Amino acid sequence: MSVRQVVMGVAATVIGGGLVVSLTGAILSRTSAQSKPLHATVKGTAPTAEGTLPHAFLDLSTYPDSMGGPHGGDGGTHPDWVTYGPTTDLRVPAHSLVTMTIKQYDTGGSLNNPYFAVPYGTVGGTVTVDGKTVSTVDPDGVGHTFTIHGAPTNQDPLFVSVPLPAVSDDAEPAPNSDYPPPHVVTFSFITGGKGEYVWNCEYPCGDGYYARFGGPMATRGYMSGTFTVE
Amino acid sequence: MSEAMVEFAAAPPSTGGGGLLRRLNLLTAVAGGVLFAAIGWYISHRIMQLGDFGSDRVVTITLICWALGFMVGIGAFAGPLRWLLGRDQEHEDEMFLAGKDQGIGRYFRFTTDHKVVGIQYLVVTMVLFAVGGTLAMTIRTNLITPNSGFLGPQTYNAVVGIHGLVMIIATIVMVTGPFGNFIMPIMIGARDMAFPRLNALSLWLLVAAVPILLSAAFLGGIPTGWTGYAPLADQAPPGMDAYTMTIIVFAMSSAIAGVNITTTALTMRARGMTWSRTPIFVYGVVASVGLAIPAFPMFMSAEVLLGMDRSFGAQFYVAAGGGSPWLYTNLFWLMGHPEVYVIVLPAVIALMEITPVFTRKPLFGFNVAVLSIVGIVGLSVMVWAHHMFTTGWAPDLNGSFMLTTELISIPTGLLFLVIIGTIWRGRVWTTLPMMAVYAMLWNFIIGGVTGIYLSDVPADYALHGSMFVTAHFHYTLMGAGLTGAIGALFYWFPKMTGRMINKRAGLVSFWLVQIGFNVTFMGMFAVGLAGQPRRVVHYDHLFAVGNFVSTMGAYCIGVGMLILLYAVVSSWRHGAVAPANPWGAKTLEWAVPNPIPLENFEVLPVVISDPYGYGEGDPVLPPTQRELVPVGAPRDPVAEDDTETSQS
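From first to last, the protein sequence lines stand for chains A and B.
If you're matching positions, the first sequence starts at 0 in numbering that gives the first Met the number 0 and goes up one per residue.
If you're matching positions, the second sequence starts at 0 in numbering that gives the first Met the number 0 and goes up one per residue.
Honestly, the hints are just simulated from the structure, not real lab data.
Being a predicted model, the structure only gives us computed values, none of them experimental.
You may find that some hints are simply not true.
Unchecked claim - Selected chain B positions facing chain A (in silico; Cβ < 10 angstroms): (1) Thr-137; (2) Ala-319; (3) Asn-501; (4) Ser-508; (5) His-540; (6) Leu-564; (7) Ser-570; (8) Gly-574.
Where is the CB? At the ideal position from N, CA and C, for every residue including glycine.
Isolated chain A (complex conformation):
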């Protein structure tokens, strides 16, 4: 075979193989059950201890099953798993005041570690639960937590942890809803520079799994996700 033929053959094989690999990757990517990102909505500015900053808002919910989350109308692969919703991929602006509101529909119990019953990293060290400002909640009555981990990296540190009180076990479903009336938890924090973080729930809510840390607790997209400051 001539050199020209070899070069043509090699090029065709590499391009063809590259196309096959790309096609496989594209199919896997498109069919991945990953939730779409939720971008915070910026509405004006707000005075803070760090000066006047853009004010961004983000709304989340925690559900006792996967019907209400990002897993589709049938609940996806695990309809009985607890989940955050509408997504677990959160995006907020850098150098901003972020106010998050989480509607907590799930029941709960005792935290393994009462440390997480106290809010950290929020403005004033407090959260608002159903309109009432508190600096701690009962560690034996927590449904979930929203905890952004401030791992020591070259990014600006961001550690925010907020307890979400549990709904009563015998609460009746709200009218026109499968879920009881939620606890509404609101809190604010200030973001630094751009960075990518992970967050998760620190209340062991993987019922039916070892130490209740399996299932939704061990699977990204249910009780954990990413938090991008952009």
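Position chain B relative to chain A; hints supplied.
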């Protein structure tokens, strides 16, 4: 006339039977598999869907039926069935099964000729590497930035699990499958394997297992990684049932292949081929399959118990039900660590076989090499719990397992010395196979030394579960194992295909793969040392540079592998016609003509010296003298002291 030829000459005339047998091929196998699977699914769906474990039972029964139907469709049961019916196969049927005068069609049938099975193994291995490599590219693409979002978390876990298992299966068979089947029987002067039908059976069981494994992708994936650890595996989606069935079918295949290869090597060596005259590659293949024979049943039994957990709620691995996850971990690693040597030993020893050919020197320290192989085989079944230092199982034994693991580096190091001693002051002919020897030495040193760190209990506590471990085992399984297999392919390609491989394309591929490999996994060592855990879809920004570098290296490997694919396929079709012995090697496979006759040797060879005596006479008696050796004569027909053949 040889015994075998006499037997063929005396065979009764054909009555023209075997009509159905001759119509079975890969297409009928797939059709049979699909039909049986559909029946299995329908029946199990109707009967067993009710209950807590319905979907797992349905999937398991469907996959069992697939494997059964596939094997029926390929004709695996035709021989036993005819024997049971009193219509045993005739000479003509045996010749048909051996693929006589069938052209390319014999590669798609239940063919018993070891050379056909060897080529079938080679193609299946390449397909497995293509699948596993494609998945590797998607994994690295996902990790190109800390939060690329290319794959969703569950898809990422599924891809990692399937990639791992596909690659493990491919690397297990990559040397003993193609070269152990094609080359080894000729190398020892045999006409075929000891059990030709079992040979075909092992191959087609492997083929049947591949769709079962890939079906996991459509059944929720394998979220556990390739280890399938319980109790996570108890909780996983039905993709885990596919994992379980894959292992069970593959373990059957490897056990059958192991028994066949071992029996062949033990009983069918040519007259005069004493153990000291047996090529070192035969030791490597026998050591590999000899380890696999006790190792894989451990894995198989682990999966049988897991299947019972999943389909019947047995709770062997569920602590809350009285079971123990450590049971799975022990059974798994009782297979898992010998398996590393199942992969690495034949690959490294294939390169050991190659080295004397291209240095024109005897193998340095033949007896040391053999003892090292024996030492590795013995020690490799006593190190499994070094994978479990951090699990909390028997911490008092950590020191013992650390010791045995560090001890195994001694015979492994001796293998290095044998190769280096063979190269030392040799007249090195730097061909593609010889370059693979150099690359293996470089890669395996890095893989081996980092393995010593991981065998050290305190270091393992820091590094366990990190990308450092991933880089380490890729340096051993890919850097040494796959490089050895590619070197073996370069070396035996002229004998297996009758064509010379395209050296230029081979060289480009070699350098791209080796440079890409080291870039990829050096980057992985760096992020692992910095603390990046394995099997995470998102990682911290701290590890961004190392991961980007690794992904670039992986793309380089991908391009290199595609060029290797081109080199193999184009050379197979259009390459220069190879002479019978292009390397001037002295082992028996190079003494047969191209193309190799169906029965390999017209007259069975008689060996009179070892195959590494470069500058000495022919190691085989001239054909005219062979018939003087009486049938049933002792193994060593020539009054020659073995010490003369000792190379050390």
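Hints, verified against the model:
The criterion of a C-beta within 10 angstroms of any C-beta in chain A is met by B/Thr-137, whose closest approach is roughly 4 angstroms, and the hint holds. Proximity of B/Ala-319 to chain A holds as hinted, the smallest CB-CB distance being about 8 angstroms (cut-off 10 angstroms). For B/Asn-501, the interface hint holds, the least distance from its beta-carbon to any beta-carbon of chain A being 7 angstroms, beneath 10 angstroms. Because the closest C-beta pair between B/Ser-508 and chain A is about 9 angstroms apart, less than 10 angstroms, the hint holds.
Proximity of B/His-540 to chain A holds as hinted, the smallest CB-CB distance being about 5 angstroms (cut-off 10 angstroms). Annotation: B/Leu-564 was flagged as interfacial toward chain A, and the flag holds, the nearest CB pair being 6 angstroms apart, inside 10 angstroms. Below 10 angstroms, beta-carbon pairs count as interface contacts, and B/Ser-570 has one with chain A at about 9 angstroms; its hint therefore holds. Against a cut-off of 10 angstroms between C-beta atoms, the interface hint on B/Gly-574 holds, since the closest Cβ of chain A lies about 8 angstroms away.
When each numbered hint is compared with the structure, no violation occurs for any of them.
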